[in-house]
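Student: These protein sequences, in sequence, are chains U, Z and A. No gaps in the numbering here: position 99 of the first sequence is 99 in this note's numbering, and each next residue is one more. Offset between the second sequence (1-based) and this note's numbering: plus 1000. Offset between the third sequence (1-based) and this note's numbering: plus 2000.
What the hints contain is simulated information worked out from the structure, not anything from laboratory work.
Pairs of lysine-lysine residues, derived as PhoX-like cross-links and limited to a Cα-Cα distance of at most 25 Å, are as follows:
1. 1122(Z) - 2289(A)
2. 144(U) - 237(U)
3. 1186(Z) - 2290(A)
The chain contents come next:
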Amino acid sequence: MKKAWSSMIACTLTATLIAGCSTAGNGSSQNQQTAQGDGKSSQSGGRVLNYWSPFSGDSQKWDQERIAAFEKKTGIKVNVTFVPNGGLNNGKLLAAITGNSAPDLVEADSPALAYSYAAQGSLESWDTHIDQLGLGQNLMPGFKDLMQYNGKTFLIPQDSNVLMLYYNTDMFKEAGLDPNKPPTTIEELDQYAEKLTKMNGNKIDRMGFIPWTDSGGDAFTWLWMFGSKIYDSSTGKLALTDDKSVAVYNWMNKYAQKYNPAQLKSFTSGFGGMFSPDHPFMTGKVAMTVTGNWFTNALRIYAPNVKYGVAKIPVPPGGRENGTLLNSNVFMIPKGSKNVDLAVEFVKFGLAPEINGPNFDQWRSIPVTDSKFDEVSWTKQGDPIYKLERELANSPNAGHPALTKISPQLSDELKALQDNVIYNNKDPKELLQALQDKLQKALQ
Amino acid sequence: MSIPSIERKRDYQLASAHQRQSFKNGIQLTAQYILLLIFAVCFLIPFFWLVSESLKKPSELFEVPMLWWPKSPQWSNFTLMFSSFPFLLYLKNTMMLVIPTMIGSIVSNALVAYGFSRLEWKYREQVFVIVLITMILPFQVTMIPLFLLFKELHWVNTYLPLTVPHFFGNPFFIFLLRQFLLGIPKELSFSARIDGANEFQIFYRIVMPLAKPVLTTVAIFAFLHTWNDFIGPLIYLSDNHMYTLSLGAQQIMGTLDPKWNILMALGVTMTLPVLVLFFIMQKYFIQGITMSGMKG
Amino acid sequence: MNKRLNIKQRDLRNAMLFISPWIVGTLVFKLYPILASFYYSLTDYSVVNPPVYVGLDNYASLFHDPLFYQSLANTLYMGVFGTALTTAFAILIAVLLNNRKLKGLSFLRVVFFLPTLVPVVIIGILWIWLLQADNGVINTLLSYIGIDGPAWLADPSWAKPSFILMMLWSSGGAMIIYIAGLQEIPESLYESAAIDGAGFLRQTLSITLPLLSPVILFNVVTLVINVFQWFAEPLIMTSGGPDNATLFYSLNLFRNAFQYFKMGYASAMAWILLLIAMVIILILFKLNKKFGHIE
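Model the full structure from these sequences, guided by the hints.
Tutor: Okay, structure coming up:
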């Protein structure tokens, strides 16, 4: 009996060891740099940068090319992990920071989320290195707030994007509207929307405009455009209960009550992504929508036959006229990064125009200093859309909204509030007050 | 000798009763069959759709009205998938997780479940409740402490955190095996003990062979759980070339511009080998039941 | 030396040896994390900064949080209706599939188990497609028989039923376990019942269900626990909407833990979940004792 027991235990242990050794052995044989698993570069003797990137698809290819060029130029080896959102919203980065195995550099594609990491004190600051980065002078006004928290610089924008109003020019002509005169105020927007809407009995054939498609469905877009302060960093208080904020949801509710809210939502439901060929703007279900410059790439690929124009986003009186929302990809250094100097070198390399060039070319994204616009091919070609982007980016009303410690939660709560108003025809003022009270506590 | 007329009448009555009964049975059977078929078709529809989408051109994916089947099936989606997605590498990685997990799950849970079902001891039921409790706690709250633990052991970025714990029992499988083992008659164990067998021999020679069906079930579920798991690999693996199929699929999905037809092709390809495996294994465990023979 | 132990002691020692892997595993891989999570529940813990002790504040806040109640209600809805429907459905199909008199069953069994083989990440997208209001497969099929399908995932009243549909479709695992359990029931019992004149329904109620009760208990408990832990599909498919209709408990927990920097709050949620689940499971066990059949 003892023999049976001991042989069983021996078997189990052996199996464990075999499993452990073979997998661990394989792990290290495939890639020497990761043998340590926690970012030390001592083993290989060379310099190694551990970098997390959020990109996928074509952007990932571009990033890989960028990395290859960097490695060639500097001899620094880059250990890249491609992880959705840079690991910021699924616990991966949190675990790594706590476990003292954080990467040296992370790039995030969601600035508000990255900002909350800065505000929570989980990032190292760039201040001692900022001169080396070659960001140049004349950073456009909307970027300073993004980069700094409490007077220190934590986020370096790689590039940015702006939101615009896209409209279908054929549909405009069909409805008797001048495609060269897009709506400039919310009132006009509503009027145009009505003219462009086609009903088939009770069913909707085409909606002129739905406030919450694409970027309109993000929590802060319309609050920002309508002129709400959302968060006052000088007082540290949320500002969501003023008339401008309330007006946003009442305006959305108008659309909801006129047409059935569930019908509206399902009319445009797809994957929520901007790149499915079933996007309602591409399939002609919706005549106008508010989204970012990246959408021009999607239209080029999936709906080359749709004739469209772009314009600045319409605002109500007192709103952020000629303004827009900026949406930037940012570099951040997590606490516990072991190769800050290598991270700085990589970012410096990445900010160079010839490196960022292909990125701009594909997505019509923009640099963060005005002078760099001139080097982009779109500008050289005289592209009118890019010209509009440049104007909008330089506007004092362009910015990154809701840069707070609690932005992810604020965003989710605002979206739920929006649904509540639309589906249940509730009064937004009370709801906003309750939301503000609840979240103000979290800000203390 | 002639059969008395009364008996003949009874025979006749019995025969027609049997005929009526089998006719009734026939209707019942057909009804059951039809019901099954209807449900089966319903179950197949999503899978059919998966296959259909995997063969479509990107423009056909979202056509209105809906296309049941692509006009010209793009088998090239599959070759495209193989060239743009490291399928074989990720498959190998997934198998490196799956095989130890299956072995560990079968061995450890069989032992533990045996202890909770085939032996009588004080506080057995109470301790078992503790087993269940450990099943309930959501992974989100244990994830960070566990990560820290594995970090101390230097197991991060290896497959160890994803395989070793399976050699130490899993409440789900312990529960499953226990329920089944409870159903095996105690007399089998008693008589073996009287014959002088020690507990491990009873476990290995008598009880486990009878438990083959449920052990196969455990193997299948362990396989599927590991095959599908992407959270574990997401948290513990930093190297892209250690990624598993599920994590890789998740990455594609997280893209701004996912190529849906290729993703669907990946879905089909991930399902097929498992399907074949299941087909083979199911014949084994659904048949070969001697347990009911024991009870009857 | 062994022979001097009496039977009870011997059994206890053997039992301890058999369950030793579980004991070790739980102490190492479960106990520490569980205790840690309880400690965190008493703190304000952003994960990137050390925990700050706040006593029972998290629990107090939870009881004032409307999202806590809503997510709990959503999950209980799925727990009750989803589990009940799925259990009834799975048993029905398992009984049908177990009928030895029908041909071609091994193929059909595969069909019902097939959904569990499709990777979870793919299932989410697949079902978004299927449930598309205008162009989805389900509504198209319904239109063939003249029904105007609802907006499914876009309609707060239909979002949860959509998830129940998904649960039913994925119940192949439970079905297989029921089949294995059904096969343990001797054919002879059914035969003698048939001779006594019992029809299909009567047989099911008096033979199948009672003898299947340990398996039913297992599947129901497992389902309930799974429902409580469900978060990947709602995250991918609906982000908890519309109108928080699919904000399930675990999704809310996930957000607090990994997106809102409120690991302490999330840990408190987890412990409340633990208590609720324990109560439910104890109730289920008691019910099983009362109505079930034990060897």
